[in-house]
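So the protein lines, in turn, are chains A and B. Going by the working numbering, the first sequence opens with residue 1, and the numbers climb by one from there. Going by the working numbering, the second sequence opens with residue 1, and the numbers climb by one from there.
Calculated from the structure, these hints are not laboratory results. For glycine and all other residues, C-beta sits at the position ideal for the given N, C-alpha and C. It cannot be assumed that every hint is accurate.
Claimed, not checked - If you anchor each label on the Cβ, the simulated ranges turn out as follows:
#, chain 1, residue 1, chain 2, residue 2, range
1, A, 92, B, 131, 28 to 36 Å
2, B, 429, A, 30, 40 to 48 Å
3, A, 77, B, 159, 38 to 46 Å
4, A, 73, B, 36, 48 to 56 Å
5, B, 471, A, 26, 27 to 35 Å
Said to hold, decoys possible - Residues from chain A that face chain B, not an exhaustive set, calculated with beta carbons under 7 Å:
#, residue
6, 60
7, 61
8, 96
9, 98
10, 99
11, 101
12, 103
13, 108
14, 126
15, 127
Chain by chain, the residues run as shown.
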Amino acid sequence: MEIKGRDPAELLEHALFALFDQIVDLRTVRLVRRRTFSVREADLTLALRHTLTEALALFNLEGFLAAAAGVRWEGGEGTVGVVVTLWGENVDRSRHELQTEIKAVTYHRLLTEQTEPGAWRATILFDV
Amino acid sequence: MTCEGLTTMNADLDTAGIPPRLIPCNDVIWEIPATGDMRVPGRIYATKELLSSPGQSDVLAQVRNVATLPGIVRYSLAMPDIHFGYGFPIGGVAAFSVEDGVISPGGVGYDINCGVRLLATDLHREDIEPALKRTIDQLFRDIPAGVGSSGAIQKLSRRQLETICVRGAAWAVENGYGTPADLERTEAGGALPGADPSAVSERAFARGTDQVGTLGAGNHFLEVQVVEEIFDREAATAFGLAEGQITLMIHVGSRGFGYQICDDYLGVMGRAAAAYGIRLADRQLACSPVTSPEGRRYLAAMACAANYAWANRQMLMHLIEKALLRTLSLSPQALGLRLVYDVAHNIAKIEQHTVEGKAMTLCVHRKGATRAFGPQHPEVPAVYRSTGQPVLIPGDMGTASFVCKGTRQAMEETFGSTCHGAGRVMSRAQALKRARGRAIERELGEKGIVARAQGRKTLGEEMPEAYKDVEAVVGVMGRAGISPRVARLRPLGVIKG
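The task is simple: from the sequences and hints, build the whole structure.
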């Protein structure tokens, strides 16, 4: 998938939407629960993958589906740290049709880059 | 076997940046000569037509990349169902010397021990056809399938999961889900040695707690089939197959448990490769020496996942029998459900092979490739030893699957390996686009196939046109003398996630 954003935080938020949009129609997900986690990695690309992996784990382990996300940057010397907040709900089979099983967020062609001022791009491959 | 020179296959290969010479050895074997960083040549089993499938030039670049890894022996092999994977291609085989070679989670795949189990029955087509729809519907109700499928049996405790890691299919048999005879007809007896639950992460255990006995989603399936044609009567008799007989085929692996283990160790191996000074042409070729602490731990964790998958398929066999007995109102004796064989097609195994007259201990990676051991090999079940190992090749849901057999030539040329299926030619997105406006379930129905899928998009994503022609794929390995056909199985009903 190719993801775009105006800045790295928005890039991660859009990537999270792309992940959950593969799993379920986001219009059917109510924003009734909040989950938060932190990620710290050596660079933005690894932070992107780690963020998506943690979000996928929330679905796999708890059945949590997110339809809204907020990413806050944290400081750190030579690292990228983010705090991710997701809003959504747990799977309700009577309302949620699960569409695609995502096995993992791969390292394949994993890329983040600033294409021009105010424009960032990422490519991610999900193993389905 | 030597290969005569040929200058260029086609322009696609040149623009992909791989060597311009793809040398035909004969009409089904090609070589990429070892140049640049390649330590060994690439060897591709394919016809010219299969090599012209979309995306093949990218795939051949992956074959070339695998050939750069330390300790690789003889060839980076590509089967005719080869298609693009992460780092390693799917449909690839690579064997590494245990002494100075590497092991790579990418060379196994996320779905560790994804594999196939073939069941035979004493039923014939005329026994099941009047009840086919009802049977498929019952199986669809009783076999958990689809995204996040769970709940076939009660949630397993940590202790039970750890036992499954070590005992594999034997755990299921010991708990009343099968017989010891099933283990004899399962690759590796249904459990790889050396499994160590302490090498598995908490997250993997959490994912695996309620997925034993589930089909999952994607290209996994349960099929009810009929033996349509026998090509090798002697082998078919040895395998217990006859024309008109009803069989069932299960295609599934280690579910979330295995996916998590692969993901965990890709991270470990990525750091390890750098630490051991291994240059990677692609990050997903991440690896470490087989005998390194990281390599040993991955092997131990991979074995846990492989054993989980065998327990999964053993449990599914039990659930299938229950469903059939209920629907068809038969006794177990009348149904006669029994295991023909169970093979892995995503795995790494430590095996003994003879390479240019020398006995070697190798770590053989089969990613989308099936073991095909020949006659008299001690790992082939005694009942099949004079024939060779059964090889199970699932096709797409509208065409056919095949039973083949392993040969001595496979042992000599491909480390006892062959293809694993039809191989995708379209991505899921492309297939869905092609399926727009079509009723795939009805199209299959017109072919006499009852199809049921949990996911609304599944049948479109898995449509027959998304795959290579399995007859052509299997034909290549037959013509190459690696795994000749024994029987063709035609689907009558299919259940997908």
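- prompt: With a cut-off of 7 Å, does the beta carbon of residue 101 of chain A approach a beta carbon of chain B closely enough for the hint to hold?
  reply: holds (4 Å)
Range hint compliance [Cβ, residue 429 of chain B to residue 30 of chain A, 40 to 48 Å]: The hint (40 to 48 Å, Cβ to Cβ) is violated, given that residue 429 of chain B and residue 30 of chain A are roughly 28 Å apart.
message: Hint residue 61 of chain A vs chain B: min CB-CB distance below 7 Å?
response: Holds, about 5 Å.
task: With a cut-off of 7 Å on the beta carbons, see whether residue 99 of chain A makes it to chain B.
output: Since chain B brings a Cβ to about 6 Å from residue 99 of chain A, closer than 7 Å, the hint holds.
message: Tell me if the interface restraint on residue 126 of chain A is satisfied: Cβ within less than 7 Å of some Cβ in chain B.
response: violated (10 Å)
query: With 7 Å as the cut and Cβ atoms as the points, is residue 96 of chain A at the interface with chain B?
result: Nearest chain B Cβ about 10 Å off; hint violated.
- request: May I ask you to test the hint 27 to 35 Å on the CB atoms belonging to residue 471 of chain B and residue 26 of chain A?
  value: violated (42 Å)
message: The hint says 38 to 46 Å between residue 77 of chain A and residue 159 of chain B; measuring C-beta to C-beta, is that right?
response: holds (44 Å)
task: Take the C-beta atom of residue 73 of chain A and the C-beta atom of residue 36 of chain B, compute their distance, and say whether it sits inside 48 to 56 Å.
output: Given range 48 to 56 Å: violated, Cβ gap about 42 Å.
message: Can you verify the interface hint for residue 60 of chain A: is its Cβ closer than 7 Å to any Cβ in chain B?
response: holds (6 Å)
Restraint check, 7 Å cut-off on beta carbons, for residue 103 of chain A near chain B: With Cβ-Cβ at 4 Å, under 7 Å, it holds.
task: Tell me if residue 108 of chain A is really an interface residue toward chain B, meaning its C-beta lies closer than 7 Å to one of theirs.
output: holds (4 Å)
Of the numbered hints listed earlier, those contradicted by the structure are 2, 4, 5, 8 and 14.
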